[in-house]
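Asker: Now for the letters of each chain:
Protein chains: 4
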Amino acid sequence: MPMPMVDIVTKGKPKLDDPVFIEGLPGVGNVGKLAVEHLNDELTAKPLAEVYCKDFPPQVFIDPDGTVKLVKNDIRYVKKGTKSGRDLILLTGDYQGLTSAGQYDLVTDVLDLLETHGCKELYTLGGYGLGRMVTEPAVLGAAIDKKSVTRMKKHGVEFREDEPGGGIVGASGLFLGLGKVRGMTGACLMGETSGYLVDPTSAQAVLRVLESLLSLKIDYSRLDDKARDMDKIAQQLKEMERKASERSPDDLRYIG
Amino acid sequence: MPMPMVDIVTKGKPKLDDPVFIEGLPGVGNVGKLAVEHLNDELTAKPLAEVYCKDFPPQVFIDPDGTVKLVKNDIRYVKKGTKSGRDLILLTGDYQGLTSAGQYDLVTDVLDLLETHGCKELYTLGGYGLGRMVTEPAVLGAAIDKKSVTRMKKHGVEFREDEPGGGIVGASGLFLGLGKVRGMTGACLMGETSGYLVDPTSAQAVLRVLESLLSLKIDYSRLDDKARDMDKIAQQLKEMERKASERSPDDLRYIG
Amino acid sequence: MPMPMVDIVTKGKPKLDDPVFIEGLPGVGNVGKLAVEHLNDELTAKPLAEVYCKDFPPQVFIDPDGTVKLVKNDIRYVKKGTKSGRDLILLTGDYQGLTSAGQYDLVTDVLDLLETHGCKELYTLGGYGLGRMVTEPAVLGAAIDKKSVTRMKKHGVEFREDEPGGGIVGASGLFLGLGKVRGMTGACLMGETSGYLVDPTSAQAVLRVLESLLSLKIDYSRLDDKARDMDKIAQQLKEMERKASERSPDDLRYIG
Amino acid sequence: MPMPMVDIVTKGKPKLDDPVFIEGLPGVGNVGKLAVEHLNDELTAKPLAEVYCKDFPPQVFIDPDGTVKLVKNDIRYVKKGTKSGRDLILLTGDYQGLTSAGQYDLVTDVLDLLETHGCKELYTLGGYGLGRMVTEPAVLGAAIDKKSVTRMKKHGVEFREDEPGGGIVGASGLFLGLGKVRGMTGACLMGETSGYLVDPTSAQAVLRVLESLLSLKIDYSRLDDKARDMDKIAQQLKEMERKASERSPDDLRYIG
Numbered sequence: 028m029p030m031p032m033v034d035i036v037t038k039g040k041p042k043l044d045d046p047v048f049i050e051g052l053p054g055v056g057n058v059g060k061l062a063v064e065h066l067n068d069e070l071t072a073k074p075l076a077e078v079y080c081k082d083f084p085p086q087v088f089i090d091p092d093g094t095v096k097l098v099k100n101d102i103r104y105v106k107k108g109t110k111s112g113r114d115l116i117l118l119t120g121d122y123q124g125l126t127s128a129g130q131y132d133l134v135t136d137v138l139d140l141l142e143t144h145g146c147k148e149l150y151t152l153g154g155y156g157l158g159r160m161v162t163e164p165a166v167l168g169a170a171i172d173k174k175s176v177t178r179m180k181k182h183g184v185e186f187r188e189d190e191p192g193g194g195i196v197g198a199s200g201l202f203l204g205l206g207k208v209r210g211m212t213g214a215c216l217m218g219e220t221s222g223y224l225v226d227p228t229s230a231q232a233v234l235r236v237l238e239s240l241l242s243l244k245i246d247y248s249r250l251d252d253k254a255r256d257m258d259k260i261a262q263q264l265k266e267m268e269r270k271a272s273e274r275s276p277d278d279l280r281y282i283g
Numbered sequence: 028m029p030m031p032m033v034d035i036v037t038k039g040k041p042k043l044d045d046p047v048f049i050e051g052l053p054g055v056g057n058v059g060k061l062a063v064e065h066l067n068d069e070l071t072a073k074p075l076a077e078v079y080c081k082d083f084p085p086q087v088f089i090d091p092d093g094t095v096k097l098v099k100n101d102i103r104y105v106k107k108g109t110k111s112g113r114d115l116i117l118l119t120g121d122y123q124g125l126t127s128a129g130q131y132d133l134v135t136d137v138l139d140l141l142e143t144h145g146c147k148e149l150y151t152l153g154g155y156g157l158g159r160m161v162t163e164p165a166v167l168g169a170a171i172d173k174k175s176v177t178r179m180k181k182h183g184v185e186f187r188e189d190e191p192g193g194g195i196v197g198a199s200g201l202f203l204g205l206g207k208v209r210g211m212t213g214a215c216l217m218g219e220t221s222g223y224l225v226d227p228t229s230a231q232a233v234l235r236v237l238e239s240l241l242s243l244k245i246d247y248s249r250l251d252d253k254a255r256d257m258d259k260i261a262q263q264l265k266e267m268e269r270k271a272s273e274r275s276p277d278d279l280r281y282i283g
Numbered sequence: 028m029p030m031p032m033v034d035i036v037t038k039g040k041p042k043l044d045d046p047v048f049i050e051g052l053p054g055v056g057n058v059g060k061l062a063v064e065h066l067n068d069e070l071t072a073k074p075l076a077e078v079y080c081k082d083f084p085p086q087v088f089i090d091p092d093g094t095v096k097l098v099k100n101d102i103r104y105v106k107k108g109t110k111s112g113r114d115l116i117l118l119t120g121d122y123q124g125l126t127s128a129g130q131y132d133l134v135t136d137v138l139d140l141l142e143t144h145g146c147k148e149l150y151t152l153g154g155y156g157l158g159r160m161v162t163e164p165a166v167l168g169a170a171i172d173k174k175s176v177t178r179m180k181k182h183g184v185e186f187r188e189d190e191p192g193g194g195i196v197g198a199s200g201l202f203l204g205l206g207k208v209r210g211m212t213g214a215c216l217m218g219e220t221s222g223y224l225v226d227p228t229s230a231q232a233v234l235r236v237l238e239s240l241l242s243l244k245i246d247y248s249r250l251d252d253k254a255r256d257m258d259k260i261a262q263q264l265k266e267m268e269r270k271a272s273e274r275s276p277d278d279l280r281y282i283g
Numbered sequence: 028m029p030m031p032m033v034d035i036v037t038k039g040k041p042k043l044d045d046p047v048f049i050e051g052l053p054g055v056g057n058v059g060k061l062a063v064e065h066l067n068d069e070l071t072a073k074p075l076a077e078v079y080c081k082d083f084p085p086q087v088f089i090d091p092d093g094t095v096k097l098v099k100n101d102i103r104y105v106k107k108g109t110k111s112g113r114d115l116i117l118l119t120g121d122y123q124g125l126t127s128a129g130q131y132d133l134v135t136d137v138l139d140l141l142e143t144h145g146c147k148e149l150y151t152l153g154g155y156g157l158g159r160m161v162t163e164p165a166v167l168g169a170a171i172d173k174k175s176v177t178r179m180k181k182h183g184v185e186f187r188e189d190e191p192g193g194g195i196v197g198a199s200g201l202f203l204g205l206g207k208v209r210g211m212t213g214a215c216l217m218g219e220t221s222g223y224l225v226d227p228t229s230a231q232a233v234l235r236v237l238e239s240l241l242s243l244k245i246d247y248s249r250l251d252d253k254a255r256d257m258d259k260i261a262q263q264l265k266e267m268e269r270k271a272s273e274r275s276p277d278d279l280r281y282i283g
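The listed protein sequences correspond, in order, to chains F, U, X and B.
Everything in the first sequence is counted per my numbering, starting at 28 for the first residue and increasing by one.
Everything in the second sequence is counted per my numbering, starting at 28 for the first residue and increasing by one.
Everything in the third sequence is counted per my numbering, starting at 28 for the first residue and increasing by one.
Everything in the fourth sequence is counted per my numbering, starting at 28 for the first residue and increasing by one.
Chain F on its own, in the form it takes in the complex (with noise of 0.2 angstroms):
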């Protein structure tokens, strides 16, 4: 029997109510990915799916101890997630799909899955690259609908006409525009982000949104561990840069 295009293995079969959706796959800095990992880890999300698709490379990754685990989506959920006690599903995964018609077939297959659970009001997260090094990432974004819109700019969201100038492209951006076709509401929140290093400082940027936004109560040392362990490498990197810029043209001669 060949393997459809996309395999959703149920893990878990809670009962849920009127869901929030929270997807981050890896993708500009690791932003989305970083997020909600941080999630799933505070928050204790509970295995809802595993999501293995064709159109991800035919790959498996090593655990330490040994064991081999085949790359896939990681669909979870909590229950009573927010302090107003709304139930979550939260999404996030080694990959998103190689090809245009696999990211298409992923989205799809994960929002029947959502609306299954009942869930209508979906929220994506990433990264947005500047090109150059951030401090203080603002939060950027885009809505399926101009009340969204309303409602993230009253949670510090901005709204910056022409940008990102190209859209959103991949999985952040097919759930909103598949998921406006279905009637869904919800937004893109995008954490500046140099874009070229995984990227925990913006990650936290777009949680402190989230946090706002749907009321949870989340804590960031780990987050901010993490961005110390960055902020040394970046250090390091400029370090080796300044150094080989400094290097007169004499010195060439003894490189290449």
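Incorrect hints may have been included.
When chains are identical, the list treats them as one kind, so a pair holds in a single copy or across two.
Derived lysine to any residue pairs resembling SDA-like cross-links, with alpha carbons at most 20 angstroms apart [claimed, not checked]:
#1 38 to 208
#2 73 to 240
#3 42 to 113
#4 180 to 209
#5 73 to 182
#6 181 to 249
#7 181 to 91
#8 265 to 242
To be clear, the hints were calculated from the coordinates, so they are not data collected in a lab.
Following the hints, position chains U, X and B against chain F.
Answerer: Chains U, X and B only, in chain F's frame:
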């Protein structure tokens, strides 16, 4: 339920009588897209259908109000759009299919839709890239049938043997090719263009043929404005080029 | 209704008796295509079917009269095409499939058609690129079965161990490979060619084998004309190359 | 009738009892393929099935007798292939699938076949490229389950945290990953290898682990011969490299 390769969502249910189909999708100089967008505006075309496709990029664009729209093709109609009272169906959009198979699927499904509306006459609009600036663009043609060739010639369309040498690639060619298999009639109109810049002047040349051919009544002032804007940009580019070529070899020291 | 990957449109319904199939699609030196086109002309082959495919480019070619034709493969037949009175089925066309899957689909569907006509014997024609000019091209062979190897050798076909080293890629190989699985017989005939230019001389070498093998009667004057044309072009290219290599290093100053 | 993506043609109908599956397809250093081919030869494995796939190149190879064979994968079996009397199923072949989807389809269909034979234990063999010459290759492992990890370690397999860093890509990884989803057991054995050359020494290292693991009895003389041949080639390459690096800069004048 997996998304089909092409998903045509009906937006209007007009009763059309022997309508004429006009296609202009992104391509060389964006001539076809500019022309059909101009027709949509000038003739206040109404929505007939939206076309989504898994072979488009997984992407949303962002409107000035901050809301997203999934990339798509747009099919609109105009009741009694010609002076003689014929109905029009107009196709433009964000993208053509990314792969061969996607292109064939898209055109096939749109042709199916056209047949349900009794459409038997197709005009596809595009640019013919010359690789040099053109001030008074001619309009080249290729047609489904000899009768259409004769008719096009009467309206000023040029047929040059062996031009375009590689035939016509993309939706503009495919609509004619697959339409011919179905026994339809019609032609492709290609406005000469440099191929370097978006070309409203070439779009106007193409539309003037169409105006004569279908007894349309089109106001060109908006296209004229766009053409003047593009002329300025072209002048600036020429100026930059001239300056660059005047620089003596010695100057190069100070650049790279 | 979505277009199938391969769409074979019947153009004639002859009753064929144990026909021999000959394939020559675009490839190295266009040897196979030239050969089958020559057979089509000399034996006034009649249309049997047209093959459209979503794995061909989305493209139309333009005839001298200004009308378009969708890229396709052509299947023609000749009643009593051989001196002994056997029927022939001939395949040539504009393109081979662009992807692996498309190639397998095309060949599979054509083999299905051949079986409905009771065809059990296949000859596929192509070029064998040597990377140097060839004046008297040998014809190399590879066959479905040992009996065919023996028979080919009697008609002057050379079988060299480890040549071609990479086997045969494309339709010429696939017809034999998939035909073998179906219990068919036959061979691939590869004319030596430089691989740089379209090669009517190599096509003639291949046809002479086929002439002997199937007791055909072919006039080669048109291929001879084409060969003389190509010889002139080759001479001009050689001359240009000679002049370029004679230029002293000093001359280079005035060029780049 | 369109060809399915994967076409498994049965070649034998043995009754197998709890067989062990061993896979070795082309990959880094061709370690896996060399190893399984050696097992096929030494244990005189019999044909079980041939696997054709539209995601393989459209290609035939030519046997020394001049006949063609379509590129494929080969599944063979050995009744009572181990000293303890267990049956073996062996997979090797010309290619892995060219695309992600093709790889998933191939592995899925082979796993289906394995399940019809009651197979629940998988070993996949491959090379681990180090980018430098290796004289005594270690064998690294990754396993479906912790029990297999423990067992592998007893037979000399090394498990190094974070190696291979990118996990395992291709059929060797996918058999474990998709096999795990089906509740199978087993491991991947990766012989260290330079990654530059075909490596019979690494293949032997992998086989020695398998020999110990499954109580096989294997003669290595033919692999030793191949290893000596490769050593000679490696020596020649080193010599060429040494000479090239000894050439003084002045010599370069006479070359390029």
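Asker: So, for every hint listed, does it hold in this structure?
Answerer: Status of the hints after comparison with the structure:
With identical chains, the CA atoms of residue 38 and residue 208 are at most 20 angstroms apart between copies only, with a shortest distance of 12 angstroms across copies and 28 angstroms within one. In the homo-oligomer, the alpha carbons of residue 73 and residue 240 never lie at most 20 angstroms apart, since the shortest distance is 22 angstroms inside one protomer and 38 angstroms across protomers. Taking the closest pair of Cα atoms, residue 42 and residue 113 come within 20 angstroms of each other only inside a single copy of the chain (12 angstroms); across copies the shortest separation is 47 angstroms, beyond that limit. Proximity of residue 180 and residue 209 under a CA criterion of 20 angstroms is satisfied in neither setting, with 24 angstroms inside one chain copy and 48 angstroms between copies.
In the homo-oligomer, the alpha carbons of residue 73 and residue 182 never lie at most 20 angstroms apart, since the shortest distance is 28 angstroms inside one protomer and 37 angstroms across protomers. For a Cα distance limit of 20 angstroms, the shortest separation of residue 181 from residue 249 qualifies neither inside one copy, at 27 angstroms, nor across copies, at 38 angstroms. In this homomeric assembly, residue 181 and residue 91 come within 20 angstroms of each other (Cα to Cα) only across copies, at 18 angstroms, whereas the closest approach inside a single copy is 44 angstroms. In the homo-oligomer, the alpha carbons of residue 265 and residue 242 never lie at most 20 angstroms apart, since the shortest distance is 38 angstroms inside one protomer and 56 angstroms across protomers.
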